[in-house]
Amino acid sequence: MKEAVPLSPDVHLDATFRSPDGRRAPRSVLHNGSAAMDVVTYTGDTLPAQHLASALAGAGFEVSRFRPVERTLLDTFDGRLHAAGVRLEVRAGADLQLIVSGGGPTPARLTVERLPAVAGDLPAGPLRARLAPLLDVRALRPTVRVASLQADAVRRNEEGKAVVGVALHDRPTGETGAPLSALLMAEIVQYEGYPRATRQGESLLGSLGLTRREGDVLDLAAEDAGIDLRGFVGSPTIRLDPSEHAVAGFRRVLANLADTIEANRQGTIDDIDPEFLHDLRVAVRRSRSILSHGKQVLPADGRDHFRAEFRWLGTVTSPLRDLDVYVIEWPGYVATLDPDTAAALGPVVDHIAAGRAAEHGTLVGQLGSARYQGLMTAWRAWLDPDAGKTKLPKKSNRLLGAVVAARIGEAQDQLLLRGRAIGPSTAAEELHELRKDAKRLRYLIECFGGLLPASARKPFVQRLKALQDNLGEHQDTEVHTAQLKAMSQELHGSPGVTAATLLAMGRLTEVFDRRRVEARNQFAERFANYDTKQTARALAELVETVS
Amino acid sequence: MKVLATYSIKGGVGKTTSAVNLAREAGVSGSRVLVWDLDPQGAATFFFRIRAKVKGGTERLVSSKGDLLEHVRASDIPGVHVVPADFSLRHLDLHLDNRKRPTERLAALLTGVEGRYDVAFLDCPPSISLASESVFGAADALLVPVIPTTLSSRTLHQLASFLATQDHPPDLLPYFSMVDGRKRLHREVMAELRGEWPHVLATAIPNASTIERMGPERAPVGEYAPSSLAAKAFGDLWAEMAARLWP
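Protein sequence lines, in the order shown, are assigned to chains A and B.
Just so we're aligned: the first sequence equals residues 1 to 547 in the numbering used here.
Just so we're aligned: the second sequence equals residues 1001 to 1247 in the numbering used here.
I should point out that these hints are in silico values taken from the structure, not numbers from a laboratory.
Computed from a prediction, not measured in an experiment: that's the story for all the values here.
Even glycine gets a Cβ: it sits at the ideal position worked out from N, Cα and C.
What you were told as hints is all true, and nothing was included just to trick you.
SDA-like mimics (lysine to any residue), calculated; alpha carbons at most 25 Å apart, straight line:
{"#": "1", "chain 1": "B", "residue 1": "K1232", "chain 2": "A", "residue 2": "G93"}
{"#": "2", "chain 1": "A", "residue 1": "K439", "chain 2": "A", "residue 2": "D469"}
{"#": "3", "chain 1": "A", "residue 1": "K439", "chain 2": "A", "residue 2": "R321"}
{"#": "4", "chain 1": "B", "residue 1": "K1053", "chain 2": "A", "residue 2": "G104"}
{"#": "5", "chain 1": "B", "residue 1": "K1055", "chain 2": "B", "residue 2": "N1098"}
{"#": "6", "chain 1": "B", "residue 1": "K1232", "chain 2": "A", "residue 2": "L96"}
{"#": "7", "chain 1": "B", "residue 1": "K1053", "chain 2": "A", "residue 2": "A197"}
Selected chain B positions facing chain A (Cβ under 8 Å, derived; list incomplete):
{"#": "8", "residue": "V1028"}
{"#": "9", "residue": "S1029"}
{"#": "10", "residue": "R1051"}
{"#": "11", "residue": "V1072"}
{"#": "12", "residue": "R1073"}
{"#": "13", "residue": "D1076"}
{"#": "14", "residue": "H1081"}
{"#": "15", "residue": "D1118"}
{"#": "16", "residue": "V1119"}
{"#": "17", "residue": "R1218"}
{"#": "18", "residue": "A1242"}
{"#": "19", "residue": "A1243"}
Excised from the complex, chain B in its bound form (with noise of 0.2 Å):
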């Protein structure tokens, strides 16, 4: 099983809408899919129609009696589970400083769903906390969105830095994320950040009134809007990854 977290330092860059949308293209092409909301906002729990609850609290899941399976439901896009998430997600970082060992938590488990799922998802908050460093000690690969902006950009060498001081640091899986090609400063950030980053993937998810439309419709777009832009686009972006990840 892989572990794929989306993450950034900073918020409203798309992370929620990727883990959602990728979750729902790599459920459709034949992948068995666990998304974990990580965020107490709940918001990929909502998307996929499941309550917003984690039985017994974050506290009791991250202690030594939690297990993940108990937390499990079976979205309606085939092949995919959803761990929910709820409001009690914002004491995450304190629940994991009274752990001996905080940062391989989450990791730990994970490790009660490995051979059930071949990818999980982990919808991450934003900022660089406990939680983040377990949720680097539980993943293989980061998946960055990246507004081709220079704040985004700054951030993104933030991460990086960060991760350079990590003993085993996931990989790096940077794209392109609420693109709107008819701006020039995008075109600009996005060359010259490929030019520094030969890694970043080449598919750019659009800046879409499509993805907006998934909190009316509590549903990835792939699901609604199959034949969108956005829809492609995320279809396109999972298969670059897939044929990364499972070359």
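Same shape as in the complex, but just chain A (with noise of 0.2 Å):
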């Protein structure tokens, strides 16, 4: 360790701080933390934190006393801020920051009453701007916390002007209580266009025997607790072999499935947020669809039960989605209406909150049922090579590359052709039907995209994303459509629903009528674009590598 510096007998430690002139310094210093990107850490483990105080003070920086600070790092389940490369931070102290780092020098910071849970409880501003995108209708959740004794010290020039600062952390704790790695944290603050005051305050906390490290406080609890920041990655894309034996590979994917089930059920439980159990269910689907693609490479034995049950899973699954995709829409929906309507809708938006309380509660119910357990228990164990003598198909062990380039262009024929049927009088169930299609297709290169190339999958996905959309507004139009008149019929005659209600209700469902018969007119066109020689291109050089 390197000789400390001597400490000062006079120094004076104080929450208040002043400027050499002996004016009181601007109020934002003393919150003045440690700006969460690009930090330079540096720690301790001998140094008293009292010492290191005394050191800075001796040194020209003002020091705060030592305070308890508790901060916490929010993010979505998904990690949806940490791949954006942005931070929140909240720090709880005399009052509650939101500090939010990344994309720019400079954190934006903003005072609260309490924690935002979603986008929509941040003021309106461009903090609110920037983050609701990334949010969505994602929950904010704490991923990490650290408490810590805090002091700041800050280092002024000639003009009284912050030019470097130090945050300390003493005897930071991690989430359950236990003692961080490191005893002492000094987190220098930078500030922007004073380089050489950054260099002198690293400098000075090297020459008292700290260790520089990258990342701050809530880094080093993460790496203590072995919490990964980027959150739950629920891609139905993992790494596969096409020379694998195709057997191996449709279980993995399904495992990655079953994964990503289990993962969305606790927040689907608790509702956090509607993404868990949306995630869930295209869970649940993708599973359904492979189970059907693998029909001659997976055990016969027990196939058809699980593909029932899966089944059963989704239709539970269903009303509660319903709602939350209403839930979600709604403000889309209701801002072509004039102002006046668009209130007298108000039992409307009643009926559905309390439709949807209802049906989370039975859902709760049915995800903590012993046939739900059964169900994953089972399935588990059916995806377990070990588990057992399983008998299995002649084409089990045909290369996995082969088998998923077939079933690709077997799913883009049967596509295809019930596609070119559909003429401008086909029934609605034909659509529907070709919008199962093409999620079948979709759902092949998502689950089974490690085997194709990345620079190929993107093209053609596009391609028949464009084609989905158009289905998807169609169902959706029509399915809101009827549920619409069906909950007319129920709030008719219920206590606080006026005439205002219902014929805003109507003025409501014809335009999703008015959007679905758009969507419909839109179709020949949509599948004629899909229906080309690109599209053919573009799906033979995905699959030319593994066929």
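With the hints as a guide, bring the two chains together.
See the structure below:
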């Protein structure tokens, strides 16, 4: 350890900063902890925090008293902020501060009354405008917590201007109250335009025997607790080998989907945000679809049973998801109505909220049921290649790449065959079936994306997605029209429901119906744009490396 | 990034105090803020305790080699950075005039910091000049402080008439400044102007000795008198502007 800077016996540590000329320093400096991105931190295990504070004071820093501060990192379950290079920290001390760093040289800061759960909880302004598109409907959750005794030190120039700061953390503890692997942390607070002062601060901390490290106290807490700040990555695409046996690849894809189902179960039960249920349902649908695609390679024994059970799981989750879609899309639905008509729909909003609460209660029961537990336990066992002897179909040991390429080709043929038969007067059910065909193809490409070149996947999926968007709009508006009509009947005669409400529901139904007709009219052009030589070429490029 | 210029043809109406205090309020309510002091007096620079120095001078700053980032200094207010002024800005018109498209130069310099900040405040000197036209070319909105007197109201009309001659004029966001509610004239002018200009912002900044203390304190009001009426007024004014600009 290097020799410590001599301590000044006259150092007075005060909570109120004073400028060199005796004036009170700006209030914000007291809250001016470290910028979370590109933070330079020094750690120590032997130097007492009070001694470091005294040393800083002796070197001309103004140092506040140590006070308890709790810092928490917030992100969505799937780490959207982390993925976007944004960091949202909450600092609870004398007040509650949100600090958003990343995407610029200066963090954005905001004092709040309570923690925001969703983007809509933030006040109107640029911060909300920046975070809302990243968060979408996802809720913020704490990912890492640190508590420490914190003191802020700041050094000023001759103008009384802060040029470098140090945030000291004495004996930081993690989530469980366990001490972190460093007893003392000192984060350098950089001030843009004053690099020399930053270097001097770093040099001072280094001379006190502290060790430089990247990241701040929250990074250390995450590291100590083994927390992956990337969050849950529920991608259906996993690493696969085209030359492995098909059954092994299908099993691994399905096991990955089972992980997604399980990972999203608790969030659905706790009703944290609607994406948990959405992701759970998509994983269920993908599982059913891949089971179907794997008919010739997966064990026949149990396959139909699991398809039926996943159909059940899909069915019991549908009512809540339908209502979630209503809640999410509602502002867009009513935006086309005049304010009076929109206001008359108040009882409908209440009805949807009440229905949603009831459906959530029902679903919580289903997700906690013996049937659900039995399904997932048996499913894991069925997917485990080492769990007992299972009779495999003859084609199970074919090469995975060849099987997947063949399935993609067949799925595309099926889609084209059905789509080409659809004319202006074809029943809506056929369009719904076509939507299922498109999903089956999409799921194959996503779940076996590990075999396919990423550069070829994107152009093809873009073409498919353009068709899916049209089919989705058509079906969704049809479903919503039917639901709204049903709700109209349920609400008729209910207390508080006036003629104005029923008329407004009629207006909203008309909006849906217009959109449905528009989507139906656009279908022929969308399908023609998909059914082209370019799409065929894009598909050929997609599968040529594995077929 | 929204570019907001505190601007008035008339001097002494509270442009700089508005720029400094609104920047502070924007900073403490979650915005990443850049204040560009364009006034050779450098009052905003002084209030932020930053040395009045344009590195290399204004001529270099507005030249093709100019880069705003080189000049940025962090203030003591969280989230607020400053491009300081110095006396060389008195020749800003001249230096702009030497460029091919003078009225586009400030906008071009600001594109260099796009994405790093949510909002840039330009603190402009009074008058209508080439520099003002360059500010109009760069700004999304002009924040115009209006003292509720006959002369101030007249200059607001002059500004509106001038902007009407521009191809892509910025939005005009007038608000009352240095208001003394005890004066009948202030009350009458405010009522009259609100009738004539419905988009005048609802929040008015009072004429307060707390604001005058910015000089000795060298800080925005919210830093040394956070509970004062003036600090609250600047906070409310920013909230009103933010709700309009980021609905």
